[in-house]
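Here is what each chain is made of, one letter per residue.
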Amino acid sequence: MRWNLFNKKQQWLCGRAAEGKPCRGGPDYQGHCQTQFECQPLKKGDRWYCSRSTPCSTGALPNGECARKSGYCSAQLSGRAKLLQLNIWGLALAVSLMLFMLAATLYSPGKLSVSHDFLSDTCVDCHSTGSYEGIQVLMQAFQDSSHDKENALCVDCHQLGKSANLAHSLDLTQLENLTEQARQAKADKGHNLTMVELGNSLTSNNPESSLSCMSCHREHQGTEHNLLSMSDKKCQSCHQQSFLHFKDHPEFTDYPYAHSTALQFNHSAHIVKHFKEPSVTALSPENCNDCHQPDTKGELMTVKGFEQTCSGCHLAQIQGSSQAETKGIAVLGLLGMDVETLRAKGYIVGAWPEDADSQLSVFMRLLLAQDTQATKALITLQGIDTLDLRSASKPQLQAASDLIWAIKGFFLTLQKQGHSGLKQQLESVLARELSATEFSGLSSLLAPSLLNEAVDQWFPQLSKEVTYYQQHDYRAIKALTLLEIEPSSVDSLPVVSKLSSAENNDDLLEDDTDLLLDDDDLGGDLLGDDNDLLAEDDSLLDMDMDLEESTETNSPLLIELKNISAEEWVNAGGWYRAYDSLYYRPSVHADKFLKSWLDLTVGMENKPALQAVFEKISAPKAQGMCLKCHSVQDNKISWQAKHAEQNVQGFTRYAHDRHLTMDKVENCAMCHQLSEFEVTDDKPANFKAMSKTQCETCHNEQSSVTESCSNCHNYHIGSVELKLKKTELDIYRR
Amino acid sequence: MKLVQRRLFNVSLLCLAFGLIIFIQQLNSYTLVNNAFFNGWLLLTLMLLLYLFTVRKRIVGVCKLGKVSLWMQAHIYLGLLAAAVFLLHAGWQVPEGLLKQFLYFIFIAEVLSGLLGLMITRLLPPCLARNGSVLYQDILGQQQQLAKEVEILVEHSLATTGSNTIAQFYQRFLLHFLLRPRYFWSHILQYRKIIHRFNAEFSHLQRYLNHDEQQILQEIQLLVVEKNRLDYQYAGQTLLKRWLWLHIPLSGILILFSLLHLVLVYAYIGAV
Chain A
1388 MRWNLFNKKQ QWLCGRAAEG KPCRGGPDYQ GHCQTQFECQ PLKKGDRWYC SRSTPCSTGA
1448 LPNGECARKS GYCSAQLSGR AKLLQLNIWG LALAVSLMLF MLAATLYSPG KLSVSHDFLS
1508 DTCVDCHSTG SYEGIQVLMQ AFQDSSHDKE NALCVDCHQL GKSANLAHSL DLTQLENLTE
1568 QARQAKADKG HNLTMVELGN SLTSNNPESS LSCMSCHREH QGTEHNLLSM SDKKCQSCHQ
1628 QSFLHFKDHP EFTDYPYAHS TALQFNHSAH IVKHFKEPSV TALSPENCND CHQPDTKGEL
1688 MTVKGFEQTC SGCHLAQIQG SSQAETKGIA VLGLLGMDVE TLRAKGYIVG AWPEDADSQL
1748 SVFMRLLLAQ DTQATKALIT LQGIDTLDLR SASKPQLQAA SDLIWAIKGF FLTLQKQGHS
1808 GLKQQLESVL ARELSATEFS GLSSLLAPSL LNEAVDQWFP QLSKEVTYYQ QHDYRAIKAL
1868 TLLEIEPSSV DSLPVVSKLS SAENNDDLLE DDTDLLLDDD DLGGDLLGDD NDLLAEDDSL
1928 LDMDMDLEES TETNSPLLIE LKNISAEEWV NAGGWYRAYD SLYYRPSVHA DKFLKSWLDL
1988 TVGMENKPAL QAVFEKISAP KAQGMCLKCH SVQDNKISWQ AKHAEQNVQG FTRYAHDRHL
2048 TMDKVENCAM CHQLSEFEVT DDKPANFKAM SKTQCETCHN EQSSVTESCS NCHNYHIGSV
2108 ELKLKKTELD IYRR
Chain B
7 MKLVQRRLFN VSLLCLAFGL IIFIQQLNSY TLVNNAFFNG WLLLTLMLLL YLFTVRKRIV
67 GVCKLGKVSL WMQAHIYLGL LAAAVFLLHA GWQVPEGLLK QFLYFIFIAE VLSGLLGLMI
127 TRLLPPCLAR NGSVLYQDIL GQQQQLAKEV EILVEHSLAT TGSNTIAQFY QRFLLHFLLR
187 PRYFWSHILQ YRKIIHRFNA EFSHLQRYLN HDEQQILQEI QLLVVEKNRL DYQYAGQTLL
247 KRWLWLHIPL SGILILFSLL HLVLVYAYIG AV
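As they're listed, the protein sequences go chains A and B. FYI, in this note's numbering the residues of the first sequence are 1388 to 2121. FYI, in this note's numbering the residues of the second sequence are 7 to 278.
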């Protein structure tokens, strides 16, 4: 083997070749004509002579050259030499151009799409290699590179949750579960997957491995390129249930009702039964659009507001019109207690309304839960009718007594500290701080006048009573309640009662001692004033009696006013007092008090006091009837009907607006068909699960309507939002 | 194997190879693998194989490497396959980006020059052979010889007839034509109007000449026809050699820029 490489001698051709008479020797390596002399003189001795057989007349020159130049020509480049030169120049030009492109960063693979065109000036924003220049860029080709670095730059702006790099932005557990389900489905149906499996055998689709964003989103394809376009085949790189047409799509299972709805609305009962009732016909919607409208994206059919839909018929229920008992919820109050028995058996209980006959409200139980003494007492009194303690045991009687003093202490704290006191009590029970907004809803601006009036009426000498009790001055308490207690009886009081009461109220005692002294100092004056007021009250009472008599005969309006109870008086909602309790009456939809308490107590199964409150206000017939419609999902109450959350997307999407404008789609009933009359947890909307046959009417291979996976499915599930830059306010201070 | 059978076999092989590539692309499309990597590497491999033909031509005296004619066959069919793979790689459209566009057009030029060469090497040699073959290196010499002969005939006409009609005709129409090869592209495009025009001029002149002059003119006409034949040979054979002046430098530039493209792709592989 030999290389037929370029020979320098082949570089030049004799210039006379063009005349068809090339000289035999041809030009030399430098292209000089070698046949410019007629002969090669010979040297004889020190002289040169013409070497021809017939020497020429001129002879040789002294330097040995022939004196007769002839046949001189200009050598020409050979074809191979010209080609070689062309190659060399071409490559030199190419290398120069390459270096120029590298230096001037002219190697961008194309324009960015419209959504990214603002990043055109720099590569650094999207490429970890972008920070390098010139030849350094080329060196990066030989470095270890991972798409994770580039993904991190994408995720820097596009926030896709914690599992952004995993398939569908789902976490591994979800992916594994879904993969297992898909495997089962695939095994069951036995699809022919030869192509897909062969394709997948070329790569390893490990669900744990992160995916490059660029697997689907190809940039630098021009401004018009759609970054979101994704072929069905890409879907099938993981979803191995292969099908080309929608007709082979797996049958829907409970779509779109697989999950319970936020609002539990029995469509069947309303449409078939209630809306036909003569009393509500005028208020009934005439078509689906009266209650539903597409969201701003045109995808989700949202429910219009309560005022536009349900309030016509259901506002009265919220206001308590259907309540057989009280329309308000007993929140703060007393419990009926057999104080006579307690007093008879020597227990000092002080004043206690004789007509109190209620059970202790769940709210009170919750608020007293931070008081160990009260909690113990409530446990001891479980199952005991506190209105009849004649057969109660000593511990039960002691518990009743302790409970009375705990309630008194609670009300005194409330009276003295107002909302702050109530907030502290609640925070103590919840073992966390409450925000101002949260507490505002929970208290619903309980007015001091109402509380003070109630407490003053129930316990006219509450402050003194509690103070004496904490000082173990039972005699004073007796005096206050105008009951005579034998000294021996006081001495015989159970030691536990005394100690426990003292322990629990030590704090109060310290604070109250000063107040007590002040009160004592001022006592005479205050008493005097009270007496005056009492006298005035008597006169007012007389006036009322007179009015009553006069209105009975002359003014029916006044009679009507007289009969309005506190409960009716607050029919616009709010706090009122009736008997031995302070009630809250909800009157509007989305009542702040009920909403706050339901939010606070939902999902608190491990905290009985909170759970009791939740059970009380969430009962089907409870005031407000909130949970008649609003469902509890994941320990949260769904206050709002399903709505499109900003920057959050699900796996499936459906363009209601576009479909409902088509001639082929006659009405909603084409897809949503009523089913069972009764509402069940798994089918709260009373619609039959949709069948894919309904979609197949248009989405089929014969029609031009798309059958693409991405037409109905989103790839990224969950949060999809842009990370906004934060502007530090210091910028404005500079 | 006969020519037709061989061509049929080669075309079948080419179609089979392209079908296999399409099949692998289809399989790839069921994965998240970027097909551009598959067809890009394939294209580069094909380009290097094609360039090997130039290297093979430099190696002489070794039969184990196969005949150059076989290499030529392989070069042609691999070239066609490379063109098809290139279209797959480019996505059947002019790409975005200066470098990619440059590569795209260089590749197109390379393919077109190759196809042109293929066409030339298949069509021209039979035409040249029909026209009477002459060695390329002898053409210019023969043309000079013809020019001298015409010059002598013109001088002879002046001397014998005393008329300068032929001399003026020579001066006006023939001198420029005879000095060097003319009408390159007309000959390449098989454009025969040139010789018809000359013949018309000769016919036109003949009526003004006496018998002796006419004989001289006829001899000159024969020499002009021969010069035209040599022009045709010169044009055809020059093209047979010179099309490589485009094809080979372009292949070098193409491979160089393809390597740059490859390096840049891998420099930014994290984003691919």
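In short, the hints are calculated from the structure, not lab data. Just so you know, even glycine gets a beta-carbon here, dropped at the ideal spot from N, CA and C. Among these hints, one or two may not hold up.
Simulated restraints, written as ranges between beta carbons of each label pair [said to hold, decoys possible]:
| hint | chain 1 | residue 1 | chain 2 | residue 2 | range |
| --- | --- | --- | --- | --- | --- |
| 1 | A | Lys2112 | B | Leu118 | 47 to 53 Å |
| 2 | A | Lys1684 | B | Leu118 | 47 to 53 Å |
| 3 | A | Ser1461 | B | Gln177 | 23 to 29 Å |
Hints and how they fare:
1. Evaluation of the 47 to 53 Å hint for Lys2112 of chain A and Leu118 of chain B yields a pass: the beta carbon distance comes to about 51 Å.
2. Distance hint check: the CB atoms of Lys1684 of chain A and Leu118 of chain B are about 50 Å apart, consistent with the given range 47 to 53 Å.
3. Against the hinted window of 23 to 29 Å, the Cβ-Cβ separation of Ser1461 of chain A and Gln177 of chain B comes to about 28 Å, which satisfies the hint.
Violation of the numbered hints given earlier is absent; every hint is satisfied by the structure.
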